[in-house]
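Letter 190 of the sequence shown, counting from 1, is numbered 190 in UniProt numbering, and no numbers are missing.
There's no promise every hint is true.
As the list claims (entries may be wrong) - Pairwise CB distance ranges (calculated): (1) G174 / F29: 19 to 27 Å; (2) W12 / R214: 37 to 45 Å; (3) F8 / P149: 30 to 38 Å; (4) L25 / L162: 21 to 29 Å; (5) L92 / L25: 33 to 41 Å.
Because the hints were derived from the structure by calculation, they are not lab data. The beta carbon of each residue, even a glycine, is placed where N, CA and C say it ideally should be.
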Amino acid sequence: MDSVLSIFSALWHHDAFALQNVNLLLLYFCLALLIFVESAFIPAAPLPCDSVIILSGSLTAAGVLQLHWVLIALFLAGWLGSLLAYYQGYQLKNWRIVTHWLAKVPEKHLIASDNLMNKYGLVALFFARFFPVVRSLLPMMMGLRDSVPPLRCVTASAISALLWILFLVSVGFGISLLPTQLEQFATKLLMIAPIFTLILALLTFAASAILRKRERKVKVMREG
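Using the sequences provided together with the hints, build the complete structure.
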């Protein structure tokens with residue numbers, strides 16, 4: 001247990017030196033678990049998954065990790081995490097409180113949302129991968145609304161997860177080839193990037209909620 005906690009601590013602090021001296025099987029497990037949990041559950045959004053994947057690419061370039069195992073482990077973790085998020089949404093629609101909430105949303109908005117997710121499902125899933133909260137929220141909404149057939153969601157989740165992992169691992173591999181000073185600067189920048197993306201996602205949701213509230217007020221005033 002102490003070994004697992006020390007690995008998670010090193011991943012959180014992006015301590016590449018400490019990660020070079022740990023059990024590799026445990027390291028692969030911890031990497032996959034981190035990506036899986038953050039992809040599946042909205043409360044896990046603060047976890048630094050993007051930067052951890054990039055760190056995995058750097059460790060691969062340094063010869064600490066094997067590229068094929070990194071790609072396989074992280075791809076499966078991201079893919080299965082999205083499928084679990086989709087399943088959560090599929091089950092949530094049976095909850096009375098959720099159906100009560102959906103009943104208050106204008107039908108035209110729900111239809112528009114369904115059309116967008118059905119038309120741009122793969123593209124949306126790919127870009128959602130780079131935003132905490134949205135990463136697990138979008139597949140959950142797809143399951144909740146049945147806007148995307150299960151088989152298509154399985155395929156789209158797999159493709160988006162693969163592209164996401166390939167892109168970030170490649171970034172990490174490239175960063176390790178930079179001069180030392182630039183590498184250190186890029187690493188520090190990537191450590192704080194998840195914070196900014198999380199804030200951006202929260203601000204986006206807050207702005208959307210405010211706009212919807214104003215629209216309802218305007219509608220009530222017009223009807224009155």
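Results of checking the hints against the structure:
Remark: the range hint 19 to 27 Å for G174 to F29 is upheld by a beta-carbon distance near 26 Å. Look at W12 against R214: about 39 Å separates their beta carbons, and that is inside 37 to 45 Å. Separated by about 37 Å at the C-beta atoms, F8 and P149 satisfy the suggested range of 30 to 38 Å. Look at L25 against L162: about 23 Å separates their beta carbons, and that is inside 21 to 29 Å.
Look at L92 against L25: about 35 Å separates their beta carbons, and that is inside 33 to 41 Å.
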